[in-house]
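Enquirer: Work out the full structure, taking the sequences as your base and the hints as a guide.
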Amino acid sequence: MKPRPAERLLLLLIGLTLAAAACSSDVAGDADTLTVFGNQRGADAEALRSVLTRFEDETGIEVRFTGSASFPRAIRERVEEGNPPDVGLFPQPGLLEDLADEGLVIPLRDDVAEVASNSLLPSLDGAFGSAGAENSVLFQVHVKSLVWYSPSEFAARGYEIPTTWAELEELSSRISADGLNPWCIGVSAFDATGWPATDWVEDIVLRADGPEVYDAWVAGDIAFADNRIGSAIAEFGSLVLSDEEANGGRRGVLNTSPARAQDPMLASPPGCLMYKQASFQLPNLPSGVTVGEGRDVDVFVLPGMDTGTAPIVIGGTVAAAFTDSEETWALMRFLSTAAAGEAWAEQGGFISPRTDFDPEAYGADFDRRMASIVADAEVVRFDGSDLMYSPVGTRSFFDAMVQFIATGRLEPAQETAQAGYDR
Amino acid sequence: MSTASQGEPAPPKSATALSPLGQMLDGLRPSRRMMSEEERHLVTDELFWESGELTSHLARFFVLIVLSTLLAAFGLAANSVAVIIGAMLVAPLMTPILATAAALLLADMKILLSSAAVIAAGVLMAIGTSMVVTFIGLQNFTTVYSLPSEILGRTQPSLLDLGVAIAAGLAGGYVLTHPKASSSLPGVAIAVALVPPLATVGILLEIGARAQAGGAFLLFLTNLFAIVLSAIVVMLLSGFVPAEIRLEGLRHARIGLLVSAVVLVAIAVPLTIHTVGVVQDQRFAQTVTVEVATWDANAIIENLVADLQPGGRAEVDLVVSTTSSAPQPSWKLADAVSARIGRVVDVSVRYRLEVADEATSG
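Line order of the protein sequences matches chains A and B. One point on numbering: in the working numbering, the residue at position 252 of the first sequence is 252, and numbering is uninterrupted. Just add 423 to wherever you are in the second sequence, counting from 1, and you've got the working numbering.
Treat the hints as calculated values from the structure; they're not laboratory data. No false leads were mixed into what you were given.
Looking from chain A toward chain B, a few residues come up when the C-beta cut is under 10 Å (computed):
hint: 1; residue: THR33
hint: 2; residue: PHE37
hint: 3; residue: PHE65
hint: 4; residue: THR66
hint: 5; residue: ARG78
Here are the in silico distance ranges between beta carbons for each label pair:
hint: 6; chain 1: A; residue 1: THR53; chain 2: B; residue 2: ALA720; range: 28 to 38 Å
hint: 7; chain 1: B; residue 1: SER771; chain 2: A; residue 2: THR53; range: 23 to 33 Å
hint: 8; chain 1: B; residue 1: VAL742; chain 2: A; residue 2: MET305; range: 45 to 55 Å
hint: 9; chain 1: B; residue 1: ALA544; chain 2: A; residue 2: THR53; range: 48 to 58 Å
hint: 10; chain 1: B; residue 1: GLU781; chain 2: A; residue 2: ASP221; range: 48 to 58 Å
hint: 11; chain 1: A; residue 1: ALA155; chain 2: B; residue 2: VAL742; range: 43 to 53 Å
hint: 12; chain 1: B; residue 1: VAL728; chain 2: A; residue 2: ALA166; range: 49 to 59 Å
hint: 13; chain 1: B; residue 1: VAL728; chain 2: A; residue 2: SER325; range: 30 to 40 Å
hint: 14; chain 1: A; residue 1: ALA338; chain 2: B; residue 2: ILE696; range: 39 to 49 Å
hint: 15; chain 1: A; residue 1: ASP221; chain 2: B; residue 2: GLY700; range: 57 to 67 Å
Backbone N, C-alpha and C define an ideal beta-carbon position, used for all residues, glycine too.
Expert: This is how it looks when you write it as structure tokens:
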């Protein structure tokens, strides 16, 4: 029997559907490109992408960037497997120097080193301590010695911004006495869980004992067992952790990400009054929260022991080469210049370490303010854990802080941290 | 519509009053068999409710809506496919939807509007019932992630759902115009599944998951429109539209066809946009699946969400189980996928370590 028209059409439709389903996509392959590897993801990766796009436009050299949350482990694996990127963007100059000591990094070419050092902010001289940074160029910095707070809550409760460490301790006690939590804190961060606590300890060591002790500690010449380091860890515990309830107590602190830890501070009534965190916290604030003097939140510099310019701990990114080609050095030279940061600075979230960086290029007032904090500081040091021997700085110091937060016991934590030097 | 707008009289034989789709389909017909008046009445009696019986029809309709939504909501909450299928069989929405299609073709505005109103009321009642059930009985669902897979599976309509709905709509129209095939009706009802998506909407709204509720509602709309569309196609082909409406009642038919055209466009645009997105996401998911296999041969994909975003970025959310204690890092996958598609890709991988161990002691 011949199928009826309707049936014939149904068969046709079924055939078309199958044909459409059988189609598949074809995608373009990859040409020869420079590979850049770092830890930036999400919005940071996008901003970095715009920097690299500018380089591509200027030179015609294609670049692919990949960022990993487990960068310290991943970069070592890549390099050891013989599959290094052309350029690595390191938040940990210490890890880079470890790789350089093993002969896995191409030393800076003279012309690039010259471009980089000529325009470095004078305040950043010595920021890397005795470790130095001979194999890399500094691309961007973050201010770490910052305290985020709500100006309106401070005003309503009659709190004033502390200008010395003693005033900070007093303010903290007063907030506790008023029945509130002084501090928010959260340290959960994949492979790097514990790092915000290391920041606290570093800031305290730099303030209480000065840059020489800081440099010696960071270089491994002063052990974690040293009383000065022990006191700093203990001071962190008594100041920040003893009354911590805002993020769910000690266990909550271990399970709260630094990106979200300030949230109780922004609640009404506030769950805490202060949050020490770096300038890169800005994009992690909930949308709609405004930043600046008299806005929803603002920052003050973590005070020094005495009045006067407080020492500043910075974080940042250094670039290093793993291949020795003209294209690689072109990118390294570009990353050493003020111009490289402009595309990112326009969008906000970038602070340049370069003297010739035009302040007008900052799209965000906040970044401009951070840049002047770095430029005007008398003592600037790079984040200690990021400079340390990497099994310590990217592992055992973190583990020690997790242990200290969980148990409150000082000596076992000191031993844990020090044990990284034996790896 | 272009030939129709040139006005009467109609050119001989060609389907003057047909939309371009209708004309195209008309061209496929070697014979111009028309349904007899009797056959047509058989169909319309089934679909169009006489005013005398309207109250009892409506009462039956709403009772069945509430009952089928209850079944669907409990079935979804219990993650029980069997109960959800029960709800599909009880669901009464098919009648007013097919009536809408028929009314569009017959250019009967009164029935069109009343059928549409019945559908709208049924939709609201189903969502409302499901919200009440969730509020009273399903308090243990607090976050989206605690929801059973039968609910989550209805929050992201895919091209497959569209395909199912179109095929089911064709079947529905075919069964309706060929009464001898009516034993297939339960199958049609199961395939198109109108009430479970609505129950899902209600549950999700009640727990405050608006985005996911939107997805479930889109699934309902996809089903609804696909059924109307394909039912119209089959009815046209079956000679359901009487000749006088086609050739003589031009003015009358024109209104109906205008409505039909507007609705068709209104359906087609969002559905096409959505479908294009779904197709792209599916192709992207295929690409990612292939790359995962090269990335880590030991990794078994447990869950994959691959999303091409409008801004040019792409997101991959992957859960893999692996027997390796040193699984491949996510950056390698991100690298490979980005190289394949030439976009910025955000990759997030969760690893589930599968470890087995056995021991005996005596």
